[in-house]
Amino acid sequence: MNRTCRALAAVVFLLSTPVHSQKSAEEPVDLGMVTRIREEGLRHSQVMETARHLTDVLGPRLTGSPQLKAANEWTRQRLADWGLREASLDPYPFGRGWSFSRSAVHMLKPHQLPLSALPKAYTPGTAGPVRGTVLVAKLAKEEDFAAWRGKLAGKIVVLEEPADARPAEPEPREFNEETLRELGRFPVPAEEDGDFRKESIERAKLREALNRFLAEEKALATIDGSTRPWGILRVSRGGTYDPGLSAGVPSLVMAAEHYKRLRRLVEAGQEVELEIEVEARYHDEDRMAYNTVAEIPGTDRDGEIVMVGAHLDSWHGATGATDNAAGCAVVMEAVRILQALGVKPKRTIRIALWTGEEQALYGSNSYVTEHFGSWSGPEDPERRKWLSVSNWKGEGKLSLLPGHGKLSAYFNLDNGSGKIRGIYAEESAAVRPIFEAWLAPFHDLGADTVTLRRTGGTDHESFQDVGLPGFQFIQDELDYSARTHHSEMDVYDHLEREPLMQASVVVASFLYNAAMRPEKLPRPPLPRPDPRPEPRPNP
Amino acid sequence: MNRTLPVLAAVLFLMNVPVWAEKTAEEPVDLDMVTRIREEGLHHSQVMETVRHLSDVLGPRLTGSPQLKAANEWTRQRLAGWGLRNAHLEPYPFGRGWSFSRSAVHMLKPHQLPLSALPKAHTLGTAGPVRGAVLIAKLAKEEDFAAWRGKLAGKIILMDEPVDLDHQGEEPEPREHTGETLRELGRFPVPVDRESDGSKDASIERAKLREALNRFLTEEKVLATIDASNRPWGVLRVGRGGPWNPAMSPGVPSVVVAAEQYNRLRRLVEAGQEVELEIEVEARFHDEDHMAYNTVAEIPGTDRDGEIVMAGAHLDSWHGGTGATDDAAGCAVVMEAVRILQALGVKPRRTIRVALWTGEEQGLFGSIAYVAEHFGSWSGPEDPERRKWLSILNWKGEGELALRPGHGKLSAYFNMDAGSGRIRGIYTEESAAVRPIFEAWLAPFHDLGADTVTLRRDYGTDHLAFQDVGLPGFHFIQDPLDYFARTHHSNMDVYDHLQREDLVQASVVVASFLYHAAMRPEKLPRPNPSRR
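As you go down the protein sequences, you meet chains B and Z in turn. The first sequence begins at 1 in our numbering and counts up by one. The second sequence begins at 1 in our numbering and counts up by one.
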């Protein structure tokens with residue numbers, strides 16, 4: 001049936017776009033190898049055992065934490081044990097590490113009750129249990145600070161948020177034919193409104209100013225509300241991992257329901273007192289972070305490679321199961337499958353487990369800089385200081401390394417535990433028919449959609465930013481955005497076994513096809529320097 | 001439109017059941033009063049302010065806790081402040097009170113991470129933070145104990161099987177009734193044979209096992225036990241652990257952990273990993289007053305025959321949230337209903353009495369004590385052993401039913417205890433005679449979504465205390481919302497999960513039911529006398 005489908009597809013293409021369809025018709029797929037990959041991946045999967053170890057045993061894996069280093073070491077060892085070569089850790093400069101070991105918040109007045117809260121990453125702990133009264137303050141921009149000067153010492157500051165942060169209705173857990181068809185339609189890019197780089201610089205500066213202000217004012221702690229309902233704690237960074245910046249004061253995220261109750265009580269004039277105990281520490285003994293890298297060497301001597309990756313780091317509130325132990329387990333399983341089948345690829349198949357992704361794609365960015373190319377970044381020292389390196393695309397000059405020409409493709413997996421439904425072609429019309437051919441043997445497993453759309457927010461962008469073909473798969477949503485993403489519920493129990501098995505065989509097959517293809521994959525155009533428009537004045 | 005509907009209904013009834021239909025046609029509804037009740041309740045509602053105070057300010061209201069007594073006092077004053085008469089607290093013997101002020105559980109090995117956990121009610125606190133290794137022990141019946149003797153000292157025990165987190169089935173009911181689900185509710189399932197269900201004996205066995213287990217765990221010097229929450233996504237569903245009876249063993253510290261985290265602990269232990277936890281629970285028993293209290297107040301009737309109509313909800317809650325949907329919502333609605341009537345200057349023929357029960361969560365203790373005091377009671381089992389272990393909740397049909405003179409004076413009791421959902425109708429508890437009356441009373445509220453009268457019975461709350469002695473006690477049908485899926489007995493039973501419009505709607509329906517029950521020429525038809 002898969003053969004028939006493809007033949008039909010080719011006929012359809014022939015009728016409308018002959019050149020395109022010729023390529024499609026030519027794209028070879030080794031169905032014998034697909035059969036073997038499916039057999040190994042669907043009948044002898046180890047993906048759940050890998051995911052279980054990454055989550056249950058290794059636990060949260062914040063960049064810079066000792067636990068992430070343990071995860072680097074375990075994955076390196078595991079990949080080496082499976083027979084991959086050159087299994088190693090690839091260092092890059094990161095900053096201060098951080099970990100926490102205790103978090104307990106109790107209401108003392110108007111009565112005693114534990115509250116559900118977790119510290120933001122990279123914020124200082126408290127000096128044991130500390131007690132203070134609660135006040136609600138709006139500190140959303142620097143002009144807000146003056147009104148609060150001299151009033152915050154010893155207080156617990158509940159930060160007033162601009163609006164109800166409750167998300168809209170969650171997306172459907174799984175794609176259907178209609179939503180996949182919609183994803184296949186390409187929206188003509190709208191005119192960019194505003195300058196996201198300027199906004200991100202302003203946010204970074206405000207964060208620093210706020211941290212300094214709160215520290216100067218000797219605020220006891222700050223509390224934000226979680227942006228998910230039903231007690232789910234969605235918590236990421238506060239403070240800073242940059243030793244040159246202010247870490248601020250202890251900062252926590254509280255269950256939305258508990259946060260709102262504090263606000264209602266304070267607004268009704270009730271005296272509210274809390275006790276907060278956070279035990280947290282910075283790790284300054286090693287300011288490097290590490291990617292885990294390993295490979296199945298290629299038989300051709302020209303040094304061409306195909307890469308696959310996912311990020312090993314997570315936030316700290318849970319065990320980073322869907323973000324992104326799932327992706328790591330799948331890409332590890334994909335290379336395990338190929339290794340177990342004794343595949344001898346023409347091109348080297350290299351796997352990278354990135355870190356620093358949650359902070360700003362640091363691991364993949366550094367790896368791409370080291371091996372393929374990079375932007376020189378802003379010249380203005382102030383802009384260079386505040387603009388994250390993940391936003392340097394188009395800033396300064398793009399310089400390419402010899403390795404740039406050797407990378408055929410990079411495949412990324414970072415959208416939770418959902419099965420693969422297709423792939424984003426990142427506007428490459430030339431890649432589309434190739435991916436369509438590669439997906440054909442997996443239509444019966446639910447993977448059949450190639451869209452020219454781009455997707456953002458994860459490590460394939462580091463490759464795209466320097467003009468390399470980096471791709472991310474389309475996955476079913478499951479509970480990702482609604483509940484697990486960056487939350488304390490991002491745990492093993494919310495992984496789904498069958499989708500992870502399915503994803504593993506699709507990724508394995510893509511890697512094999514990319515490694516064996518006569519030509520490298522078509523390249524995207526090199527990105528142009530950004531004219532960096534000033535944002536339009538507000539109407 | 002409201003006037004037309006009952007007439008149409010009456011015509012329909014006439015066509016097949018003439019006697020019944022006649023009664024329907026006769027049932028008077030004061031539509032001017034309905035208009036005034038809707039005006040006061042829909043446009044000048046205070047129900048959210050009441051429920052905010054009950055949940056946010058007063059907090060959890062476990063029976064026996066000082067906070068519940070504060071809630072008794074606040075509601076008494078509030079009702080008196082609105083002009084109700086005879087606002088007072090009615091005591092009954094309960095047992096030891098309990099409250100907790102601190103709960104923090106941290107994993108120490110294989111690495112350090114806070115866990116989400118709350119103590120079970122009426123269990124002991126720890127002596128500060130205590131640390132111990134975790135093991136899995138199945139102690140589901142007394143025969144299981146021997147294998148573990150001598151092996152549990154200083155250990156933290158996982159008591160439950162892993163929780164099956166069924167991703168698909170986690171929201172079993174629709175949040176709101178539809179025409180179809182309401183029609184289904186209107187169909188009466190012929191009762192299955194319950195002669196041999198043995199539920200009373202099973203409850204006695206459970207009570208005995210609980211006591212034996214608590215004694216065993218104490219003797220073995222177990223550090224603490226851990227159960228799993230039976231709701232997914234970190235929602236902590238936590239009720240009782242130890243006893244409020246001072247003669248029984250309180251056992252050892254006992255906490256409920258989030259299902260996902262519990263499953264992880266089990267997986268780690270089963271994989272041979274060393275798991276160590278630190279648990280700190282600060283909890284205390286309150287022995288200064290072994291009584292509990294119902295809050296009672298009334299709008300006096302103008303007739304001198306002493307007949308009354310009652311409405312109630314339970315003021316007590318579990319301790320992990322603020323008991324917003326269970327049952328501050330019901331309390332706020334019945335309080336609002338009498339506030340509306342009081343604000344309208346209603347002078348009812350029968351006395352309208354509101355009761356805010358306590359001890360409901362433990363076994364309807366407050367309503368049973370009140371009913372025994374005023375209306376009637378079962379004498380209970382004669383066998384002292386059975387009498388000791390069988391909860392008074394299950395005494396219906398045990399011994400003799402003795403009625404008090406007040407029994408003949410109660411026209412009806414209306415109960416609210418199914419969360420924050422709007423009223424969609426009412427359970428008539430198998431009274432065919434009451435059905436047409438309620439249908440007439442609901443007619444002016446069809447446009448607010450309340451239109452279903454079912455002969456089915458409903459269970460699990462305080463109207464049972466009335467039904468058990470042959471009194472007409474009723475419970476409303478409400479939209480489920482998130483009640484059983486997430487808020488019921490959980491740490492997420494908080495103000496934010498209340499729905500204002502639904503509570504406003506419920507208040508006017510209850511007010512109108514109370515008014516019409518109070519003004520009706522006859523008392524409501526009585527249920528058949530209870531039999532053994």
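In case anyone wonders, no lab produced these hints; they're calculated from the structure. Bear in mind that the values here come from a model prediction, so they are computed numbers and not experimental data. Where a beta carbon is used, it is the ideal one built from N, C-alpha and C, also for glycine. Wrong hints could be hidden among the right ones.
[As the list claims (entries may be wrong)] The list that follows gives simulated cross-link-like pairs (lysine to aspartate or glutamate, DMTMM-like), each with its CA atoms no further than 25 Å apart:
id	chain 1	residue 1	chain 2	residue 2
1	B	K109	B	E174
2	B	K260	Z	E211
3	B	K109	Z	E280
4	B	K109	Z	D287
5	Z	K138	Z	E276
6	Z	K109	B	D286
7	Z	K109	B	E73
8	B	K346	B	E285
9	B	K109	Z	D496
10	B	K109	Z	E73
11	Z	K109	B	E304
12	Z	K69	Z	E276
[Said to hold, decoys possible] Label pairs and their calculated CB-CB ranges:
id	chain 1	residue 1	chain 2	residue 2	range
13	B	P529	Z	E270	52 to 62 Å
14	B	S481	Z	R187	38 to 48 Å
15	B	G150	Z	T218	38 to 48 Å
16	Z	E270	B	P91	49 to 59 Å
17	Z	F484	B	G194	40 to 50 Å
18	B	G194	Z	A70	51 to 61 Å
[What the hints assert, rightly or not] Which stretches of chain Z does chain B cover? Using the computed rule of at least three CB atoms under 8 Å from a CB of chain B, they are:
id	region
19	99-110
20	262-272
21	489-496
The hints, checked one at a time:
About 45 Å separates the Cα atoms of K109 (chain B) and E174 (chain B), which puts this hinted pair outside 25 Å; it is violated. For the given pair, K260 (chain B) sits about 40 Å from E211 (chain Z) by alpha-carbon distance, which is inconsistent with the 25 Å threshold. Distance restraint check for K109 (chain B) and E280 (chain Z): the Cα-Cα separation of roughly 20 Å lies within the 25 Å cut-off, and the hinted pair is therefore satisfied. The straight-line distance between the Cα atoms of K109 (chain B) and D287 (chain Z) is roughly 23 Å, inside the 25 Å bound, and the hint therefore holds.
Restraint check for K138 (chain Z) and E276 (chain Z): the C-alpha separation of about 19 Å stays at or below 25 Å, so the hint holds. Simply put, K109 (chain Z) and D286 (chain B) have alpha-carbon atoms about 23 Å apart, close enough for the 25 Å limit, and the pair holds. Taken as a hint, the K109 (chain Z) and E73 (chain B) pair is honoured in the structure, with Cα atoms around 19 Å apart against an allowance of 25 Å. As the CA atoms of K346 (chain B) and E285 (chain B) are separated by approximately 42 Å, the hinted pair breaks the 25 Å bound.
With a C-alpha separation of about 20 Å, the suggested pairing of K109 (chain B) with D496 (chain Z) holds against the 25 Å cut-off. Of the pairs offered as hints, the one joining K109 (chain B) and E73 (chain Z) holds, with about 19 Å between alpha carbons and a cut-off of 25 Å not exceeded. Between the alpha carbons of K109 (chain Z) and E304 (chain B) the distance comes to roughly 44 Å, so the proposed pair goes past 25 Å and is violated. A hinted pair counts as satisfied when its Cα atoms are at most 25 Å apart, and K69 (chain Z) with E276 (chain Z) does not qualify at roughly 39 Å.
At about 57 Å, the CB distance of P529 (chain B) to E270 (chain Z) agrees with the hint of 52 to 62 Å. In this structure the supplied range 38 to 48 Å holds for S481 (chain B) paired with R187 (chain Z), their Cβ-Cβ distance being about 41 Å. Checked against the hint of 38 to 48 Å, the pair G150 (chain B) and T218 (chain Z) fails, with Cβ atoms roughly 54 Å apart. E270 (chain Z) and P91 (chain B) have their C-beta atoms about 36 Å apart, which leaves the hinted 49 to 59 Å range violated.
Checked against the given bound of 40 to 50 Å, the beta carbons of F484 (chain Z) and G194 (chain B), roughly 46 Å apart, stay inside it. Between G194 (chain B) and A70 (chain Z) the Cβ separation comes to about 52 Å, which falls inside the hinted range of 51 to 61 Å. Coverage of the region 99-110 of chain Z by chain B holds [criterion: at least 3 residues with CB-CB distance below 8 Å; count 8]. Figure legend: the region 262-272 of chain Z, annotated as covered by chain B; annotation consistent (5 residues with Cβ-Cβ distances under 8 Å, at least 3 required).
With a cut-off of 8 Å between beta carbons, the region 489-496 of chain Z has 5 residues touching chain B; three or more are needed, and the interface restraint holds.
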